Amino acid sequence: MALHFELVTPARLVRSEDVHMVVVPGTEGEFGVLEGHAPFMSTVRDGTLRIYKTEGGAPEEIEVQGGFAEVGANGLTVLAEHVES
Amino acid sequence: MASLKELKGRINSVKSTQKITKAKQMVAAAKLRKAQANAEAARPYAGRLAAVMASIASKITVSENSPKLLAGTGKDQVHLLVVANSDKGLCGALNSNIVKASLVAARELEAQGKTVLFYLVGRKGRAVIRRAYPKAILDQFDTTHVREPGYSEAEQIADALLALYEAGKFDVAHLFYARFQSALAQVPTQQQIIPVPAPKAELAAGGDAAVEYEPDEEEILAALLPRYLKTQLFGALLENMASEQGASMTAMDNATRNAGDLINKLTIQYNRSRQAAITTELIEIIAGAEAL
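In the order they appear, the protein sequences are chains A and B.
Using our numbering, the letters of the first sequence map in sequence onto residues 93 to 177.
Using our numbering, the letters of the second sequence map in sequence onto residues 14 to 305.
Simulated from the structure, these hints should not be mistaken for laboratory data.
Computed from a predicted model, the values in this text were never measured in an experiment.
The C-beta atom is built at its ideal place from N, Cα and C for all residues, glycine as well.
Hints are not guaranteed to be accurate.
What the hints assert, rightly or not - What follows is a set of in silico ranges between Cβ atoms, one per label pair, in the way DEER data are often shown: (1) A/G128 - B/D89: 44 to 50 Å; (2) B/Q194 - A/E152: 36 to 42 Å; (3) A/L126 - B/D89: 47 to 53 Å; (4) A/E153 - B/Q194: 40 to 46 Å; (5) B/A42 - A/Q157: 50 to 56 Å; (6) B/A149 - A/G128: 54 to 60 Å; (7) A/E109 - B/A145: 38 to 44 Å; (8) B/A180 - A/P131: 35 to 41 Å; (9) B/L175 - A/H96: 32 to 38 Å; (10) A/Q157 - B/K81: 20 to 26 Å; (11) A/K145 - B/E179: 41 to 47 Å; (12) B/A145 - A/T119: 45 to 51 Å; (13) B/E225 - A/E109: 21 to 27 Å.
Modelling step: build the complete structure from the supplied sequences, incorporating the hints.
Below, the structure written as structure tokens:
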């Protein structure tokens, strides 16, 4: 029961791990992605990406700027132009 | 024949040249490893972005309402050649190969009656293109102040190109850079970047499931296209960087070896003339002793 999450910037692959949930700052509102999410694609605004490693645990926060989030069969992929962690 | 002192001076001067080329070769080898690692690290992003592009492009039909970056301006008259060179020399024929490829393409386009403009990246190759096409250089981008061209430079170049495109300065843009194959081979490559060529549909395979888009496909595509352009430029800059170091390594390796050969030749010549001088002296002494 885990969501495969990848965070990629032009310079490198920042994260590639299995997590419980990720909250993504989409252009039309934040959305959380759990395992088994329907295929979905959204643009991302500048904001904070929150990664919940475990259910109910404290989130890890990563600042992202501009990009895309894509949910597919193989998990969530966030393509961000800039990342500050 | 040169005197002993002259020969010695030449040997020393070639030796110090060899030291320089050897140092440059080792620096290039170390930098090449880094440049290759950078190029590899950039691959996941480019790959993913291309896949996303393909899956969206397959769902949208190109029409007059599509973004200009995808559909083009509807004309095919003014071609912009974006030529990416390195800033430093000492890398063999790398830069002249890129420039040559772009000039060949420029002549072909001119023969077809098109207008050719240039946008130059990097310091090398400016002079040659300026001599061949003195009035065709639209603008140039200076990378001398940065040690390694990175994503921010690619962004600046892309923004400049997009501004020129929006202003209607050109209809089609081609990018010229050296694709890195190995330390021995760098291939001058031409690639169309504007309008963005639609990615191959096979990349989109597996994306049959109904995907929800937020906002809708067209808006995502409009946001995606400039980013795709930036990624392509970034990739080209990285390839160029790796090519430069690879070419430099090979060129300096050759130079070091040539200097070694030259030193050997000169040393033999030096020893011969020294031996000749000694023999002459001996003959003089013996002749003097016999005369007594």
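Item to check | Hint check against the structure, violated hint numbers in rising order | outcome: 5, 7
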